[in-house]
Amino acid sequence: MLSHERHRWLHEKRVEEADNLMRYILNQCKNGDKGGLVDLRLVAQHYSSNVMKKLIFYQGYLGEGKADGGPGFEEEEYIDAILALAIHLYSFCIYDYWPFLRGLDLEGHEKIVEDATSVLEKYNNPVIEDRIQQ
32 MLSHERHRWL
42 HEKRVEEADN
52 LMRYILNQCK
62 NGDKGGLVDL
72 RLVAQHYSSN
82 VMKKLIFYQG
92 YLGEGKADGG
102 PGFEEEEYID
112 AILALAIHLY
122 SFCIYDYWPF
132 LRGLDLEGHE
142 KIVEDATSVL
152 EKYNNPVIED
162 RIQQ
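Here the sequence shown is numbered in my numbering, starting from 32 and rising by one per residue.
Everything labelled a hint here was simulated from the structure, so no lab data went into it. Please note that a few of the clues may not be correct.
[Unchecked claim] Pairs of lysine-lysine residues, derived as DSBU-like cross-links and limited to a Cα-Cα distance of at most 35 Å, are as follows:
#1 K85 x K142
#2 K97 x K44
#3 K153 x K142
#4 K97 x K61
#5 K97 x K142
#6 K61 x K44
#7 K61 x K142
#8 K44 x K85
#9 K97 x K153
#10 K153 x K44
#11 K85 x K97
Using the sequences and the hints, build the whole thing.
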């Protein structure tokens, strides 16, 4: 886990992301198109994801965001891939009992995990390669 000093050192990054979160919620409330509705599930997913990306990769966003401060296409694709991996990585499948059916991918879990992994690699590998070059 994190030491107390590291926790204090990372406080600024968490506060910065919380400010971005509040700006996005305020813009959503002012938005007349949706009647001021805010999807809290989406907000919580992106806040936690951006905090983790800031801690790991020192950057919070992928690609261009929306005009209201919300997540862009790249960000939504990234979060969807993470959630798909979390759901399907350890899911129960029929070939857990009958391994000879593994190649058939009857429930489609392997395809979903492969697609999600390729999305994560698409966004993470350039950041990792830049970090290696430094």
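Each hint tested on the structure:
no., hint, verdict
1, K85 x K142, "holds (29 Å)"
2, K97 x K44, "holds (21 Å)"
3, K153 x K142, "holds (16 Å)"
4, K97 x K61, "holds (15 Å)"
5, K97 x K142, "holds (30 Å)"
6, K61 x K44, "holds (26 Å)"
7, K61 x K142, "violated (40 Å)"
8, K44 x K85, "holds (7 Å)"
9, K97 x K153, "holds (21 Å)"
10, K153 x K44, "holds (24 Å)"
11, K85 x K97, "holds (19 Å)"
Of the numbered hints stated above, the single one contradicted by the structure is hint 7.
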